[in-house]
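*Asks:* My request is simple: use the sequences and hints to build the entire structure.
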Amino acid sequence: MIPFVVTGGILMAVAVMAYGQGGVPPEGTWMATLWNFGSTALNLMVPVLSAYIAASIADRAGICPGFVGGMISISVGAGFLGGIVTGLLGGIVCYYLKKIKVPKALSSIMPIMIIPIVGSLVTMGFMQYVLGAPIAGIMDGMTKVMEHLGNGNKVILGAVCGLLAGFDFGGPFNKVAYTFGVATVSAGVYTYAGPMAVTMTAPPLGCALAAFLAKKKFTQEEREAAKSAVAMGCVGITEGAIPFAANDPLRVIPSTMIGSAVGGAVGYLFNITNPVAWSGLIMIPVLGNPIGFLVSLAIAVGVTAGLMILLKKDITEEAAGTDEGDLDIDLSFE
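Read in order, the letters of the sequence shown are residues 851 to 1184 in this note's numbering.
These are calculated hints, taken from the structure and not from any lab test.
Yeah, the Cβ is synthetic: ideal placement off N, Cα and C, and Gly gets one too.
Only true hints are included.
Label pairs and their in silico Cβ distance ranges:
(1) Met960 x Ala868: 48 to 56 Å
(2) Ile1006 x Gln978: 31 to 39 Å
(3) Ile967 x Pro853: 23 to 31 Å
(4) Asp1164 x Ser889: 31 to 39 Å
(5) Met960 x Met867: 44 to 52 Å
(6) Pro853 x Gly987: 31 to 39 Å
(7) Gly878 x Ile950: 47 to 55 Å
(8) Lys994 x Ser958: 48 to 56 Å
(9) Thr1029 x Pro853: 23 to 31 Å
(10) Ile1134 x Val1039: 15 to 23 Å
(11) Gly1138 x Ala882: 24 to 32 Å
(12) Phe887 x Ser925: 18 to 26 Å
(13) Ala868 x Val952: 53 to 61 Å
Derived DSSO-like pairs: lysine-lysine, alpha-carbon spacing no greater than 30 Å straight-line:
(14) Lys1163 x Lys1077
(15) Lys1066 x Lys1077
(16) Lys1163 x Lys1066
(17) Lys1065 x Lys1077
(18) Lys1077 x Lys1025
(19) Lys1065 x Lys1163
(20) Lys1025 x Lys1004
(21) Lys1025 x Lys994
(22) Lys1004 x Lys994
*Replies:* So this is what it looks like as structure tokens:
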């Protein structure tokens, strides 16, 4: 998954920096074309993640159900968390389909026709008809909560914004926070989009800082991904945190949620304003109280990195723990 995140994120970052005004470049420009190229690569991230989770369980038979399940996950707005679910489901279904004894006449078509079709139908159907509606309902409820808080305690609103932004990095919960920001900017209210810029920027930068400071707790791939996460965080692409969360969600996601929540709350205390519904360090020239933004971001990044370093074990310790059975979670079914 990481090459798709890096390729897509960097291309989008270059497009935003070349545009120089924050946000998505206007259609009809070469910058918009570059943005679309990057967006295409980034959108393949979830299907690829899902496909290779399924393949790790069921070998090649799981690739098709995992990939199409990931595509459905995008279409229903379930994001990369939905991709993890479809990968696991597609892999498990295909693994047990491979165990079914069939006549020799059918054995040759099982791996190329029957297993992919049945596995794909089960995986896509589950995401479309079981998870799709609940996710839509949750998003609607979250939006209403945000609207209610918008007229009440703004510090709580900033914290809620951070919890959503730090949860799924461009997924449905993150989109609730961002969509609310777009709506407020469109209405001429800029006090929400300022703290939102902190919460959207902090997760990739916090993950990167943790990887730089505690190298023994991160794989070589994650340390390389940290360099790209810095670039993506600077231009407001929260997806830069996904490679870290995909590898260790139970430790990374709580860290990014708490860090972003603290940053969002502090951002409201500093009364940061943002006339453009975008985030990242590139927004500093247009922000109201840029010093407050930098302080809030530094706090959010520090909290995120600190929690990750505290919660994560050294890679060698984790491997030893797995060998001893302490963390023996075997998804290969072998």
